[in-house]
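This is what each chain is made of:
2 protein chains.
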Amino acid sequence: MKNNLLCDIGNTTFSFSNGDKVSVERFDISSISDEVYYISVNHYWEKRLDMQENWINLRDKLDFSKYYESMGIDRVICCEAVENAIVVDAGSAITVDVIEDDIHKGGYIYPGFLALEKCFKDISPALEVSFNFEIDLDRMPKNTDDALSFGAIAPLISHIRLLSTSLPVILTGGDAEKLLPFIPNAKIDHDLVFKGMEKIIQGQV
Amino acid sequence: MKNNLLCDIGNTTFSFSNGDKVSVERFDISSISDEVYYISVNHYWEKRLDMQENWINLRDKLDFSKYYESMGIDRVICCEAVENAIVVDAGSAITVDVIEDDIHKGGYIYPGFLALEKCFKDISPALEVSFNFEIDLDRMPKNTDDALSFGAIAPLISHIRLLSTSLPVILTGGDAEKLLPFIPNAKIDHDLVFKGMEKIIQGQV
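Protein chains in written order, with my numbering: chain A, 6 to 210; chain B, 6 to 210.
None of these hints come from the bench; they were simulated from the model.
Careful: at least some of the hints might be erroneous.
Pairs count within a copy or across copies, as identical chains cannot be separated in the list.
Heads up, simulated BS3-like pairs for lysine-lysine below, C-alpha to C-alpha not over 27 Å straight-line [what the hints assert, rightly or not]:
no.: 1; residue 1: LYS183; residue 2: LYS110
no.: 2; residue 1: LYS204; residue 2: LYS147
no.: 3; residue 1: LYS52; residue 2: LYS71
no.: 4; residue 1: LYS147; residue 2: LYS192
no.: 5; residue 1: LYS123; residue 2: LYS183
no.: 6; residue 1: LYS26; residue 2: LYS200
no.: 7; residue 1: LYS126; residue 2: LYS183
no.: 8; residue 1: LYS71; residue 2: LYS200
no.: 9; residue 1: LYS110; residue 2: LYS147
no.: 10; residue 1: LYS110; residue 2: LYS204
no.: 11; residue 1: LYS110; residue 2: LYS192
no.: 12; residue 1: LYS110; residue 2: LYS200
From just these sequences and the hints, can you work out the full model?
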């Protein structure tokens, strides 16, 4: 059985299941003649690729009624990959979704850490900080930098811990490694989106 | 005993203990000849008022060693007002401080709700929202607007609840009313800063 070539298209990057990453500005359609299964949150590229015979949009195979219409397709696909888990996708935004017995119980959106750093800086130049992910969440902070790092991390973590009493936590996305030390028993899976895509291709969902 | 006139000067507003509020652009020093005790996070006005005989800066009477040097004086003063409490000051930023037996155990800073709305919008125009404070934190959201409101409110609330198992919560600041329904046994005190100032004037701290 040959491996399908899969592609997850974001607002900035084409991420392929073979590990290749290409920025949307530099991507050249003619560079790939093989069949590619893809999902895209990027409307421009989705429209362009829908006209290509070898690019197969998995959006058409998805049952969105299990989720909600405006939910990002990358988030839906990560949820499809698991049966019982809290899925935390930490990127430009951080999404937290609860899946129990293959059913999406709902989920929420928290700002990504880069966005939060900018948010603090916008409130006041005195609140400009680069978050410290070595912080101890069991000790209340006693200086401004730690107070900001703690404020960005501790509330999110305390809520994820609250949710995860009976479910394992799966972390994905660019900031997954930053969250890992704070969540006992969490696991990182950077291929979650490709696993979800493969499951849909195989018709297992 | 006459009531002291107190003033809390922020980046945008002079707030007086008699209820008067004047924007920093429109404030006229000559409009007040009475003695005024004040605190200021506004460096420009602090410098100007330090040259006025009838304006008494309470910064000089504070022992910052109990806190930390870069901590906002309004936040310090609110902590001085209580002996045992979680103080949540919900304004342009939301500060959460723990005071036990008159000792500041530390505190953190979370973005204010207006800043968080802007933060989401900056991540993606699809995430533009006006938060819904009627949201049920015990149900995971199933649409984008609720997912954003929940993401802004639930993590903060879950962490405050975690802290407040043995301490009462006192809410102050412009968004105190929005948080109240989510925190059982919390109380609002919009005069907390003036109570702290009065305590310092009386030399009780």
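Going down the list of hints, with the structure as the test:
| no. | hint | in the structure |
| --- | --- | --- |
| 1 | LYS183 with LYS110 | both (26 Å within a copy, 26 Å between copies) |
| 2 | LYS204 with LYS147 | between (48 Å within a copy, 23 Å between copies) |
| 3 | LYS52 with LYS71 | within (24 Å within a copy, 60 Å between copies) |
| 4 | LYS147 with LYS192 | between (31 Å within a copy, 25 Å between copies) |
| 5 | LYS123 with LYS183 | both (18 Å within a copy, 24 Å between copies) |
| 6 | LYS26 with LYS200 | within (17 Å within a copy, 58 Å between copies) |
| 7 | LYS126 with LYS183 | both (21 Å within a copy, 24 Å between copies) |
| 8 | LYS71 with LYS200 | within (18 Å within a copy, 53 Å between copies) |
| 9 | LYS110 with LYS147 | between (38 Å within a copy, 8 Å between copies) |
| 10 | LYS110 with LYS204 | within (20 Å within a copy, 50 Å between copies) |
| 11 | LYS110 with LYS192 | within (20 Å within a copy, 33 Å between copies) |
| 12 | LYS110 with LYS200 | within (20 Å within a copy, 45 Å between copies) |
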